[in-house]
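Asks: Chain Z is fixed; fit chain E onto it per the hints.
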Amino acid sequence: MTLLKQKTAPVGHLEREAKSTPGDRAVAATSHVVLAIWSAIVVLPLLWTFMSSFKTSNEIFASPFALPGAWKLDNYIKAWSEAGIGAAFINSVIVVGVSLVLVMLLGAMCAYVLARFSFRGSRVIYVLMLAGLTFPIFLAMVPLFGVLKGMGLLNQLPGLIITYVAFALPFTVFFLFAFFKNLPGEIAEAAAIDGAGEWRTFFQIMLPMARPGLASVAIFNFLGLWNQFLIPVTINAGGPKVLSQELFAFAQQMGYAVDFGALFAAVTVTVIPVLIAYILFQRQLQGSVSQGTSR
Amino acid sequence: MSLPPPTAVLEGGRKAAIQSRRKNLTFDKVSFMAVFLGIPLAIYLVFVIWPFLQAFVYSLTDWSGFSPNYKFIGLDNYARIFTDDQFLKALSNNVILLIIVPLVTVVLSLVLAALVTVGGSSKGQVKGLKNSSFYRVVSFFPYTIPAVAIGIMWGQIYDPSGGLLNGALNALGLNFKDYAWLGNTNTAMACSIFVIIWGFVGFYMVLFIAGIKGIPAELFEAARIDGAGRFRTAVSVTIPMIRDNIQTAYVYLGIFALDAFVYMASLFPNAGGPENSTLVMSQQLFFTAFQRGQFGMATAMGVILAVATLLFSGLVFLVNKLTGGTDGGRL
Numbered sequence: 000m001t002l003l004k005q006k007t008a009p010v011g012h013l014e015r016e017a018k019s020t021p022g023d024r025a026v027a028a029t030s031h032v033v034l035a036i037w038s039a040i041v042v043l044p045l046l047w048t049f050m051s052s053f054k055t056s057n058e059i060f061a062s063p064f065a066l067p068g069a070w071k072l073d074n075y076i077k078a079w080s081e082a083g084i085g086a087a088f089i090n091s092v093i094v095v096g097v098s099l100v101l102v103m104l105l106g107a108m109c110a111y112v113l114a115r116f117s118f119r120g121s122r123v124i125y126v127l128m129l130a131g132l133t134f135p136i137f138l139a140m141v142p143l144f145g146v147l148k149g150m151g152l153l154n155q156l157p158g159l160i161i162t163y164v165a166f167a168l169p170f171t172v173f174f175l176f177a178f179f180k181n182l183p184g185e186i187a188e189a190a191a192i193d194g195a196g197e198w199r200t201f202f203q204i205m206l207p208m209a210r211p212g213l214a215s216v217a218i219f220n221f222l223g224l225w226n227q228f229l230i231p232v233t234i235n236a237g238g239p240k241v242l243s244q245e246l247f248a249f250a251q252q253m254g255y256a257v258d259f260g261a262l263f264a265a266v267t268v269t270v271i272p273v274l275i276a277y278i279l280f281q282r283q284l285q286g287s288v289s290q291g292t293s294r
Numbered sequence: 000m001s002l003p004p005p006t007a008v009l010e011g012g013r014k015a016a017i018q019s020r021r022k023n024l025t026f027d028k029v030s031f032m033a034v035f036l037g038i039p040l041a042i043y044l045v046f047v048i049w050p051f052l053q054a055f056v057y058s059l060t061d062w063s064g065f066s067p068n069y070k071f072i073g074l075d076n077y078a079r080i081f082t083d084d085q086f087l088k089a090l091s092n093n094v095i096l097l098i099i100v101p102l103v104t105v106v107l108s109l110v111l112a113a114l115v116t117v118g119g120s121s122k123g124q125v126k127g128l129k130n131s132s133f134y135r136v137v138s139f140f141p142y143t144i145p146a147v148a149i150g151i152m153w154g155q156i157y158d159p160s161g162g163l164l165n166g167a168l169n170a171l172g173l174n175f176k177d178y179a180w181l182g183n184t185n186t187a188m189a190c191s192i193f194v195i196i197w198g199f200v201g202f203y204m205v206l207f208i209a210g211i212k213g214i215p216a217e218l219f220e221a222a223r224i225d226g227a228g229r230f231r232t233a234v235s236v237t238i239p240m241i242r243d244n245i246q247t248a249y250v251y252l253g254i255f256a257l258d259a260f261v262y263m264a265s266l267f268p269n270a271g272g273p274e275n276s277t278l279v280m281s282q283q284l285f286f287t288a289f290q291r292g293q294f295g296m297a298t299a300m301g302v303i304l305a306v307a308t309l310l311f312s313g314l315v316f317l318v319n320k321l322t323g324g325t326d327g328g329r330l
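Chains as they are written, first to last, in numbering that gives the first Met the number 0: chain Z, 0 to 294; chain E, 0 to 330.
If you are wondering where the hints come from, they were derived from the structure by calculation, not from laboratory data.
Given the structure is predicted, the values throughout are model-derived calculations rather than measurements.
Backbone N, C-alpha and C define an ideal beta-carbon position, used for all residues, glycine too.
You may find that some hints are simply not true.
Label-pair distances were calculated between CB atoms; the ranges are [what the hints assert, rightly or not]:
{"#": "1", "chain 1": "Z", "residue 1": "G237", "chain 2": "E", "residue 2": "I99", "range": "34 to 42 Å"}
{"#": "2", "chain 1": "E", "residue 1": "V34", "chain 2": "Z", "residue 2": "P183", "range": "20 to 28 Å"}
{"#": "3", "chain 1": "E", "residue 1": "I224", "chain 2": "Z", "residue 2": "G120", "range": "34 to 42 Å"}
{"#": "4", "chain 1": "Z", "residue 1": "L72", "chain 2": "E", "residue 2": "F175", "range": "32 to 40 Å"}
{"#": "5", "chain 1": "Z", "residue 1": "P183", "chain 2": "E", "residue 2": "T25", "range": "41 to 49 Å"}
{"#": "6", "chain 1": "Z", "residue 1": "G237", "chain 2": "E", "residue 2": "D75", "range": "17 to 25 Å"}
Partner residues aside, some chain E positions facing chain Z, computed with beta carbon under 8 Å [as the list claims (entries may be wrong)]:
{"#": "7", "residue": "P39"}
{"#": "8", "residue": "V147"}
{"#": "9", "residue": "I196"}
The shape of chain Z in the complex, shown without the other chains (with noise of 0.2 Å):
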């Protein structure tokens, strides 16, 4: 956290300062004390596992304060191979990746020939994207069950990833149709005297172009892929399970066997990974969210 203050201090504090009232000082002073206290709520629970993760279950129920006797990674083996924490977080590397390179490149496809070209239909195709963003993913799930049955892809990865890739599409033809329609058209048209086909002036001129937009949809993407607990609980329930689905599972037996220890590191895995991804590209990520709010 001493870290995060270093990097986030204002850049611009050599500049003048006007100077202060006491009423200005009162209000920065109340504000700093609502934020922290905010800040602490967010961050003590946090705290709180990760110090957990190293306690053994008698220490955790002796006192929830004290710190771990010992720090051993007893708790991380366990959870990563007994509870098979470790498969789960590899299986969901491999979904949400496989899942991500797809609907960021169908989703760009999509959306690039919905805002480059009218033809026939085109706004047709639109309108059914918004509705995929507006109703609910629980009226679709049941029937979805019995369609991947059908298709013998219950239960297996590939029948998550394409999943994944179907509910992701929406939101991310929705982006980068606004994204696509900005673009400055003359280079397009520039490629086409030039000799480029339609694939060779979306691959190496209109994706390289959108990178920006490209990187703000595929954050969101991968929070909500890697995030995502309906779906897999839904169609993958008998499959190789993905981390949130392993750690529920691990949370549902814990009524029987108590292993709290294990339970706090598993929670930590999963959180530790996408927590410090975030916070060395915070930055880019603040930008996305405004980005996403400006349209």
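Replies: Relative to chain Z, chain E alone:
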């Protein structure tokens, strides 16, 4: 692999190229459209649109999900759902969530966003609070954590004997020894709502900060010259200027409150909470389909959920419109 230099094209080539691009359906263009539109659309239609459409049909049948046979039973499923006490209990729980979660989350994140953006000096250029990006970064943490992990973590925090909450309260001398926050009908729902809000405030705070930063600084300066204080500025300038963002936030949070599956499932491993005080419709749908094997009934619940979602979104848009929104949204 760079493109041929522009000099390779003759003067008249430009017009011809554009025309041929518009008129002639070359193989290049046809294959391009077919692949670029065809593949994504096929996946989308098969795995999203088709199940949505099927849902409406299945909701009128007694399909079990496991045998291929079913028969149409009209609106029987709907009639039975609305006389099912457990579903009605779940519905009322969702309504509680729908009323409280969006309101508290939006208000709290607006307050925090306002503190960050207008907490600075009242002299000179309008500035945000100094050193505040730390809060913004930290508040966003929960959004990066899978909801399942959030639910399990808070389940442990609320734990009667080893949890952080009772530990803290007992350390403060308050006697909450072994109070089961999630095991008691009085507190289970309130505690779950807190967890959901904890998970969402940061994201909307960042969203609102972005919105507020997008407001032209002259507006704030004008308000200040006119003698408006901080509170007045927040109410009369900030909120009207970002009301579209607030509306979006409200709709998303409402849709979420009507679902709430992940949080409730992971907070209460023994589904439903004490005396079903935290049972939500989505959980009921899930059990009906995958534990009782009543797919027809479950899809009918899904349709009800969808209708509720649409009604709620419509209501938010209507309220925003009636209170004079949209025009004030952007300049």
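Asks: Do Z:P183 and E:T25 keep their Cβ atoms within the hinted range of 41 to 49 Å?
Replies: 24 Å, violated
Asks: Range first: 32 to 40 Å. Now tell me if the beta carbons of Z:L72 and E:F175 are that far apart.
Replies: 33 Å, holds
Asks: Is the shortest C-beta separation between E:I196 and chain Z less than 8 Å?
Replies: 10 Å, violated
Asks: Taking 8 Å as the limit, does the beta-carbon of E:V147 come near enough to a beta-carbon in chain Z?
Replies: This interface hint holds because 4 Å falls under the 8 Å limit.
Asks: Can you let me know if the beta-carbon spacing of E:I224 and Z:G120 is within 34 to 42 Å?
Replies: 54 Å, violated
Asks: With respect to the beta-carbon atoms only, verify the hint that Z:G237 and E:D75 lie 17 to 25 Å apart.
Replies: 30 Å, violated
Asks: Taking 20 to 28 Å as the hint, is the beta-carbon distance of E:V34 and Z:P183 inside that range?
Replies: 24 Å, holds
Asks: So, as I understand it, the hint says E:P39 touches chain Z; can you test that by seeing if any CB pair is closer than 8 Å?
Replies: Where the cut-off is 8 Å and the nearest Cβ of chain Z is about 4 Å from E:P39, the hint holds.
Asks: Is 34 to 42 Å right for how far apart the beta carbons of Z:G237 and E:I99 are?
Replies: 36 Å, holds
The structure does not agree with the numbered hints 3, 5, 6 and 9 stated previously, though it agrees with the rest.
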